[in-house]
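Colleague: Put together the whole structure using the sequences plus the hints.
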Amino acid sequence: MSGTKGIRKYRNIVKVLAFLRRNNKVTYGVIAYLAALLLSAFVLVAYSPRSKVVGYADPLLPPSPQHLLGTDILGRELLVLLAESVINSTVIGLIAATIGTLAGSLIGFLSGYYGGKVDYVSRLFTDVFLSVPSLLFLILISSLVRAVTIVQMGLLIALFAWPWPARQVRAQALSLKEREFIYLSELSGESKLEIIIREMMPHMIPWMTANFVNAFISAILTEAELSILGLGPQTEMTLGMLLWWPLNNAAIYRGLWWWWAPPLIALIYLFFTLYVVQLGITEIINPRSRVV
Amino acid sequence: MSATAKYLIERFTIYLLTIFVSFTIIFLVPRLVPGDPLAVFYDRLREAGAMQGVEQMIEEYKRMLGLDKDIFTQYVSYIYSLLRGDLGYSIGNFPAKVSDMIMEALPWSIGLLSMTTILSWLIGTLLGAISGWRGGRLSRVFSIAALFLSNLPYYVLAILLVFVFAYTLRWFPYSGGYSVGMTPRLSLDFVLDVMWHSFLPALSIILSSLTWWYLSMRSMVATVKGEDFVVFAEAKGLPQREIMWNYAVKNAILPQVTGLALSMSRIFVGALITEVIFGYPGLGTLMVTGIRTLDYFLIQGTILLSIFAVATATFLVELTYPLLDPRIRYGGG
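In order, the protein sequences belong to chains A and B. Sequential numbering from 1 applies to the first sequence in our numbering. Sequential numbering from 1 applies to the second sequence in our numbering.
All clues stand as given, with none of them false.
Under the rule of at most 25 Å between Cα atoms (straight-line distance), these lysine to any residue pairs were calculated in the SDA-like manner:
#1 A:K117 - B:Y7
#2 A:K117 - B:L8
#3 A:K117 - B:E10
#4 A:K25 - B:L215
#5 A:K25 - B:S219
#6 A:K25 - B:S139
#7 B:K6 - A:V118
To list a few chain B residues with every Cβ distance to chain A over 12 Å, as calculated:
#8 Q56
#9 D86
#10 N93
#11 V230
#12 I253
I should point out that these hints are in silico values taken from the structure, not numbers from a laboratory. The structure displayed is predicted, hence computed values, not measured ones. No residue lacks a Cβ here, since even glycine has one placed at the ideal position from N, Cα and C.
Modeller: Structure (structure tokens):
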């Protein structure tokens, strides 16, 4: 039994992938993002972990054949720090986007499908959380929870990543609920939870994917913002922390371009690739939205 | 109950709940975090070498903050002091009251952000109206660029502007709100100096928020352009200019106006990273000072103010929606 179930699951994943591949933008965007990840992983393997240690080389060396991106104020190899921060920022994005999308979708399904009091309460909370400036809360919480780790950062951001998916999935669930195949499964005795997971969820996968990419982008940017404000992970490197260091040491005014420019370019690059993916998914969902 | 009353009550409930939930979270978070909310403060005192009287001082603080009472009493007095507008004392800058520090920084943020918000709204809306009305390839190219720019984090632009205009070209000062050595007073010199210092931060904010206004106005005008009454006006032979301003723009401007009202509430939040990058003495910098000096009450105070301002503005705008546009009915969904 579990074997066939596994194969069926696998087939579904292939179907979703094939579905997403219909759009060039999604393919190219994903490939470009994965390329950055691979490159970072390669750098981390190629360099010894000692190059991230304080005092590994002389501080603030400009780029040279020995130090491809130069070194920072503590004499650490900037290329290695950049590689590490690309991977760590991705991990934060994945954690926040996965939890936010799944929790939000579940709330949306329950709210839309059950209706009544469940709907009223969850809609109220969604509205309240949507109108609360989430960044401010994140600032407050992370200023108390000192010395966050990568995982904690992801979880913190996930706390505020659920309301959008919840609202969107709810709207879709409301219309799905009235379709005939849902009536049929109700009549054939499927439980409500089964209907949500087995009947409604597959229809929502494009929307959930779009939400996931959205949440992914905004999690990476939120991390950067929190870290630039001085609230990032203290012991691990992220793109935000890699920007906090030069900004906090007036690197722009001191002409230390190799210190602040690479993380900024990396941030824009990751953002751009994900943005292209997002455009592609929007086009798949709504072909009329084609802009380019 | 009429639909109007129902709508008003629902909006008001959400408004109160937003504030209540936010303030309660802000109250609970420091007490849920393991350890003492004042732990950081003790460490600072110890680092500063204060040996004598630390115990008494901590006791005094605890009494002052009501930390020796049970959580319910604490909560009631917390809400009560908020109602009186009392935000407590700064830890990093002790005898100073948080509300006074905010009052000092607030005019800077209000000045910078109200100016930039209105300017970017005007420019963006105007460009959007023209681009939406005319259409064509140039308009498409612009909107693709704007679409990308509008999503780019705002501080990216700020960093690039500092690099180009302050570091490379040296046209503008590096940071601060006014030149070192000048005393803030109402004179032409001082005002010009402030404007010179705030040019780059203002430009970065205008450029990054302009794209939003441009995009929304463009799509609204393009939608209205296809409406029957516009076609009818064209058939009547009215001049294009008149149709654009009196027919298309007039109908498309409403969402822009409400958007403007909503974003005006942001002036109480400050332009966080932009202020930090330019060393601008507003609320954002104040908040970061709080973060840097581990001044919990300063952070809490600025955040409470921001949340209150944003929620209130949202509520007021929602109340006036139906007044501005009779097409919107109260209630509905």
